[in-house]
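Enquirer: Knowing the structure of chain A, use the given hints to seat chain B on it.
Protein sequence lines correspond, in order, to chains A and B.
1 is the number of the first residue of the first sequence in our numbering; add one for each residue after it.
1 is the number of the first residue of the second sequence in our numbering; add one for each residue after it.
Incorrect hints may have been included.
With a Cα cut of at most 25 Å, we get these calculated BS3-like pairs of lysine-lysine [as the list claims (entries may be wrong)]:
no.: 1; chain 1: B; residue 1: K134; chain 2: B; residue 2: K229
no.: 2; chain 1: A; residue 1: K122; chain 2: B; residue 2: K634
no.: 3; chain 1: B; residue 1: K537; chain 2: B; residue 2: K575
no.: 4; chain 1: B; residue 1: K410; chain 2: A; residue 2: K15
no.: 5; chain 1: B; residue 1: K150; chain 2: B; residue 2: K59
no.: 6; chain 1: A; residue 1: K8; chain 2: A; residue 2: K34
no.: 7; chain 1: A; residue 1: K120; chain 2: B; residue 2: K20
no.: 8; chain 1: A; residue 1: K162; chain 2: A; residue 2: K120
no.: 9; chain 1: B; residue 1: K412; chain 2: B; residue 2: K537
no.: 10; chain 1: B; residue 1: K410; chain 2: B; residue 2: K59
no.: 11; chain 1: A; residue 1: K120; chain 2: B; residue 2: K28
no.: 12; chain 1: A; residue 1: K162; chain 2: A; residue 2: K15
Everything labelled a hint here was simulated from the structure, so no lab data went into it.
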Amino acid sequence: MGSILSVKNLAKIYKSGSNTLTVLQHIDFDIEEKSTVAIVGPSGSGKTTLLGLCAGLDRASSGDVILNNINLNNLNEDERAWIRNQHVGFIFQNFQLLSTLTALENVMVPLELRGASNIKEKAMELLEKVGLQDRASHYPSQLSGGEQQRISLARAFSNSPKILFADEPTGNLDTETGERVEKLLFDLNREAGTTLVLVTHDLELAARTQRVIRLKGGKLLDNAE
Amino acid sequence: MQNNDKVSYTTKTNFWWILKMALRDSRKNKSRLLLFISSIVLGIASMVAISSFSDNLKKDIDQQAAELIGADLVVDSRKELSESAQHLIDSIKSISIASAEEKSFASMALFEKSGGSRLVDIRALGGNFPFYGKLETIPESAESSFRSGKNALVDKTLMLQFNAEVGDQVVIGTQKFTIAGTLTNAPGQSGISSSVAPAIFIPLEYLESTGLLQKGSRVSYNFYYQFPKTTDVDNIVEKLDAPFELEGLDGETIQMRKESTGRSFDDLTGFLSLVGFVALLLGCIGVSSAIQIYIREKLNSIAVLRCLGVSSRQAFLIFLIQVAGIGLIGSVLGAALGVLIQQLLPVVLQDLLPVAVSNDLSVIAILKGIALGVFISILFALLPLIGIHRISPLNTLRLSYEENDGPKNKYKTLVYGLIVLFILLFARMQLDSWFQTLAFTAGVLLGFLILYGVSLLLVKMVKRYFPHSWSYLWRQGLSNLYRPNNQTVIMVMAIGLGTAFIATLFFVKALLISQLSFSASSNQPNMVLFDIQSSQKQKVLDLVNKENLPVIQEVPIVTIQLETINGYNEATVRKDSTLGLSVRSFGRELRVTYRDSIISSEKITDGVWIGEVGKGDTARVSLEKEYAQRAGLKIGDRLVYNVQGLMVPTIVGSFREVDWNRVQTNFRVVFPKGVIDDAPQFHVIMTKTPNSEISAAFQLAVVQRFPTVSIIDLNLILTILDEILSKIGFVIQFMAALSILTGIIVLIASVMISKYQRVRESVLLRTMGASRKQILTIAAMEYLFLGTLAASTGIVIALLSSWALAIFSFELPFVPDILLIIGLFVGVSALTVIIGIFNSTALLNRTPLEVLRKED
Numbered sequence: 001m002g003s004i005l006s007v008k009n010l011a012k013i014y015k016s017g018s019n020t021l022t023v024l025q026h027i028d029f030d031i032e033e034k035s036t037v038a039i040v041g042p043s044g045s046g047k048t049t050l051l052g053l054c055a056g057l058d059r060a061s062s063g064d065v066i067l068n069n070i071n072l073n074n075l076n077e078d079e080r081a082w083i084r085n086q087h088v089g090f091i092f093q094n095f096q097l098l099s100t101l102t103a104l105e106n107v108m109v110p111l112e113l114r115g116a117s118n119i120k121e122k123a124m125e126l127l128e129k130v131g132l133q134d135r136a137s138h139y140p141s142q143l144s145g146g147e148q149q150r151i152s153l154a155r156a157f158s159n160s161p162k163i164l165f166a167d168e169p170t171g172n173l174d175t176e177t178g179e180r181v182e183k184l185l186f187d188l189n190r191e192a193g194t195t196l197v198l199v200t201h202d203l204e205l206a207a208r209t210q211r212v213i214r215l216k217g218g219k220l221l222d223n224a225e
Numbered sequence: 001m002q003n004n005d006k007v008s009y010t011t012k013t014n015f016w017w018i019l020k021m022a023l024r025d026s027r028k029n030k031s032r033l034l035l036f037i038s039s040i041v042l043g044i045a046s047m048v049a050i051s052s053f054s055d056n057l058k059k060d061i062d063q064q065a066a067e068l069i070g071a072d073l074v075v076d077s078r079k080e081l082s083e084s085a086q087h088l089i090d091s092i093k094s095i096s097i098a099s100a101e102e103k104s105f106a107s108m109a110l111f112e113k114s115g116g117s118r119l120v121d122i123r124a125l126g127g128n129f130p131f132y133g134k135l136e137t138i139p140e141s142a143e144s145s146f147r148s149g150k151n152a153l154v155d156k157t158l159m160l161q162f163n164a165e166v167g168d169q170v171v172i173g174t175q176k177f178t179i180a181g182t183l184t185n186a187p188g189q190s191g192i193s194s195s196v197a198p199a200i201f202i203p204l205e206y207l208e209s210t211g212l213l214q215k216g217s218r219v220s221y222n223f224y225y226q227f228p229k230t231t232d233v234d235n236i237v238e239k240l241d242a243p244f245e246l247e248g249l250d251g252e253t254i255q256m257r258k259e260s261t262g263r264s265f266d267d268l269t270g271f272l273s274l275v276g277f278v279a280l281l282l283g284c285i286g287v288s289s290a291i292q293i294y295i296r297e298k299l300n301s302i303a304v305l306r307c308l309g310v311s312s313r314q315a316f317l318i319f320l321i322q323v324a325g326i327g328l329i330g331s332v333l334g335a336a337l338g339v340l341i342q343q344l345l346p347v348v349l350q351d352l353l354p355v356a357v358s359n360d361l362s363v364i365a366i367l368k369g370i371a372l373g374v375f376i377s378i379l380f381a382l383l384p385l386i387g388i389h390r391i392s393p394l395n396t397l398r399l400s401y402e403e404n405d406g407p408k409n410k411y412k413t414l415v416y417g418l419i420v421l422f423i424l425l426f427a428r429m430q431l432d433s434w435f436q437t438l439a440f441t442a443g444v445l446l447g448f449l450i451l452y453g454v455s456l457l458l459v460k461m462v463k464r465y466f467p468h469s470w471s472y473l474w475r476q477g478l479s480n481l482y483r484p485n486n487q488t489v490i491m492v493m494a495i496g497l498g499t500a501f502i503a504t505l506f507f508v509k510a511l512l513i514s515q516l517s518f519s520a521s522s523n524q525p526n527m528v529l530f531d532i533q534s535s536q537k538q539k540v541l542d543l544v545n546k547e548n549l550p551v552i553q554e555v556p557i558v559t560i561q562l563e564t565i566n567g568y569n570e571a572t573v574r575k576d577s578t579l580g581l582s583v584r585s586f587g588r589e590l591r592v593t594y595r596d597s598i599i600s601s602e603k604i605t606d607g608v609w610i611g612e613v614g615k616g617d618t619a620r621v622s623l624e625k626e627y628a629q630r631a632g633l634k635i636g637d638r639l640v641y642n643v644q645g646l647m648v649p650t651i652v653g654s655f656r657e658v659d660w661n662r663v664q665t666n667f668r669v670v671f672p673k674g675v676i677d678d679a680p681q682f683h684v685i686m687t688k689t690p691n692s693e694i695s696a697a698f699q700l701a702v703v704q705r706f707p708t709v710s711i712i713d714l715n716l717i718l719t720i721l722d723e724i725l726s727k728i729g730f731v732i733q734f735m736a737a738l739s740i741l742t743g744i745i746v747l748i749a750s751v752m753i754s755k756y757q758r759v760r761e762s763v764l765l766r767t768m769g770a771s772r773k774q775i776l777t778i779a780a781m782e783y784l785f786l787g788t789l790a791a792s793t794g795i796v797i798a799l800l801s802s803w804a805l806a807i808f809s810f811e812l813p814f815v816p817d818i819l820l821i822i823g824l825f826v827g828v829s830a831l832t833v834i835i836g837i838f839n840s841t842a843l844l845n846r847t848p849l850e851v852l853r854k855e856d
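With the rest of the complex left out, here is chain A:
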């Protein structure tokens, strides 16, 4: 199977006046299509920054991120937005649902952006999969944390992404709800055949992935299979 994400000699350096802060350096790895990968490391090790760079949310200081054969560093922000819409799904620790949209509308947005057809039916199908079809017309503020994250899962899978990035997907949930969301995430991922890259502190969650990438002080420790 080929590589869906290839990271080459990646570095991210922040400059503030005369001070420089190196958050990431010498990062090299490849992620195979349909695989599941966890990025772990202590706080401040650069996990979230790495996720942001891989997903095209930010631009690297040097090195390359090649997603689905496209070098993201050569693209401007609007072009990267297009790539995200076409190939990428997101799950965030704090759910990041659009507060002014209903659950159903939140799921519909990526499809609408693509100009897909039968959007409402597809979105309802996904809500059914996450068990929230009866909450379709609710606004995020009317849902519990677990429910919000399940809506977020439905939204992430709605555009049938090639790769899904999850940032501490259960970090804001209690253990029981977290486990249910975790199961749902892996089930949906398996069903859709999507590559999953997740950032977590939770080593149990990381253990459920096929591969773990460890970071410390902005550098790669090893790539444990």
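Expert: Just chain B now, with coordinates in the frame of chain A:
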């Protein structure tokens, strides 16, 4: 690797999706968005109201212009016609199909039944004037019946004042006239003009017998003509321009009246539009600030959308559409309110207007108002909307909103430029000249800049000299002024501008009223008796003394004309423009006096005043400085005056500065004693009556004994002036009130927005045990600092502008009223605090959990 060049990075989304997202996004923010738009509603309302009123006024002036003047052509002269002038008048008559003649002048009228008398405008009419429109009378038949006997039409204000009825007698000069009817309207007459100088029409044939036409009387001679429809009257007047000027005649056609009336009301509506425009600008700054906060709050949503693949352009458009939408709703609401206000304007202004103004809806004004509202909302909202480009999807992972100096700041500069250009062009459309336009724009920008600078300075000073020793509540309230998402700048601008506006109005009004009161104060005369013949002078003085009234001034007046300047007569000056002399100085009747000293309202600025002419010397006259400048005269110039047939040589001896605002007889030319003392003259006597009863009794005594003597009752004039000022002031205050209301709405909106900003913090404080009182105290402190600063800055701006108006426009000394300043300061500060506390109270009535969940 895929070649990036071959990828088409375009989304399939179209405008409809963006529109849908805009609607979805605004759905849960309706109340807040409505709050934003309320800032522009009143501005648009005033613009639409004024613009519709102006359109109707123009249309009505056009339609009623003929009735405004009553004839196709009016020729008037301020002096008795010379033979050649009479010939000219006759020649015009020969080509007309109808003509009429009128002599009008000010004189006393005595109402026999009530014994009341008053200075009126006597209009002695011969012929069937008006040819268009009519003299509106009660009964209607009086319009024609008064012409056929010794009858009079008396203005309704006089009929009311003296409780007169049709059939009563009115004494004019030495004759009694029967009141044939009440005059309710005459061509070109407005409510105000009739209360200043109420008219009495009498037939021309009886004028002579009144004995009022005497040498030196100020009579206006009017000749009215009607021409066949095919005649180009304007062309006739154009051709007669030169002979008219030569004879001192003035011609006015329907078209000319239309233009001059339109022009004077253009000034009024232009001024009112500008007042409305300032309200709109203020509202737009409110919108801009509100949108900025709104976008900040939407930071996360925008970042999520960007994560999901929305381009920066699409995100920008989603919010731009919302702004355009709220701008449209606000403008439509404003236009609807404007239409309602427009119904009121003609009612309020009717007395000032020469035509009946209709209430028709002006579709153009409404559409223009709505377009302006949408445009200006977008223009001002662009400033915060540009920031959307900077919002990175990375914010979904780490929230940050960093200002940068990147290329987007160029757009900001461009938008600022567009705003200034827009203000400039809009002001130009309302004002006559570029100078006024630049002055207005600079004034507005300066006002905004001062307030902006002061608010920034406040933030800086509070940060720098923060009083760490103060109690927690005070410190918390004070620190809210500079903490992130503070509302200091917008609130100081909104409250400050509103205060500056209302304070300027109050100061100017107080200034004018104090000037009037000064005139009516104890040491100033309040009654002027004029047209007193030399033979009557002593008797009138005796009467004044008999009534125990003081003679404050007694002035002889001689009517003269300028014949030559340094030997050059009018014809020479007309031919030789290099002489630098004004042709207009010649041929005009001048009313001059003679005395041995200068008086308190005068000051010699150049030359020497010599009060008496020695035997064989040439008289050295003193000229009013500005008059001399206009005429091109210098000290030492030799002037020959025609003193009723006698040529009197003089030398310009001095220039005087004259305070025309004083209630005194002031003159352009003053002769020393010993030159024109024996010339035919009349006299003016000034006195002061202690109350209206004595004033009325004295007037009656004078009119009964000296029917040809006229009296100006300054108290009456003051009352009328006060009435006029109140009416004009009401309209200006109404428009200013819209600005102030806008200021208050922006203030409420700002406070409510800051409430959203402070909600979490307040809830957190409450969770930690802060009492309701403590939270309200923090809010009160913050708004007290804001209110006091904004109010004091606004008042300082108002003091500066009022001082400038007083000195340069009204030419009066400016002494601000301390009580007024204190009142405004306390009032505005208190209002700010009350609104602030009121909003915070609304917040405290909800449970912390409810608030936090809603905010998620």
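Enquirer: A separate judgement is required for each hint: does it hold in the structure or not?
Expert: Structure-based check of all given hints:
| no. | hint | result |
| --- | --- | --- |
| 1 | K134/B - K229/B | holds, 19 Å |
| 2 | K122/A - K634/B | violated, 96 Å |
| 3 | K537/B - K575/B | violated, 44 Å |
| 4 | K410/B - K15/A | holds, 23 Å |
| 5 | K150/B - K59/B | violated, 40 Å |
| 6 | K8/A - K34/A | holds, 20 Å |
| 7 | K120/A - K20/B | holds, 14 Å |
| 8 | K162/A - K120/A | holds, 21 Å |
| 9 | K412/B - K537/B | violated, 76 Å |
| 10 | K410/B - K59/B | violated, 45 Å |
| 11 | K120/A - K28/B | holds, 21 Å |
| 12 | K162/A - K15/A | violated, 33 Å |
The structure fails hints 2, 3, 5, 9, 10 and 12 (numbered hints given earlier, in ascending order).
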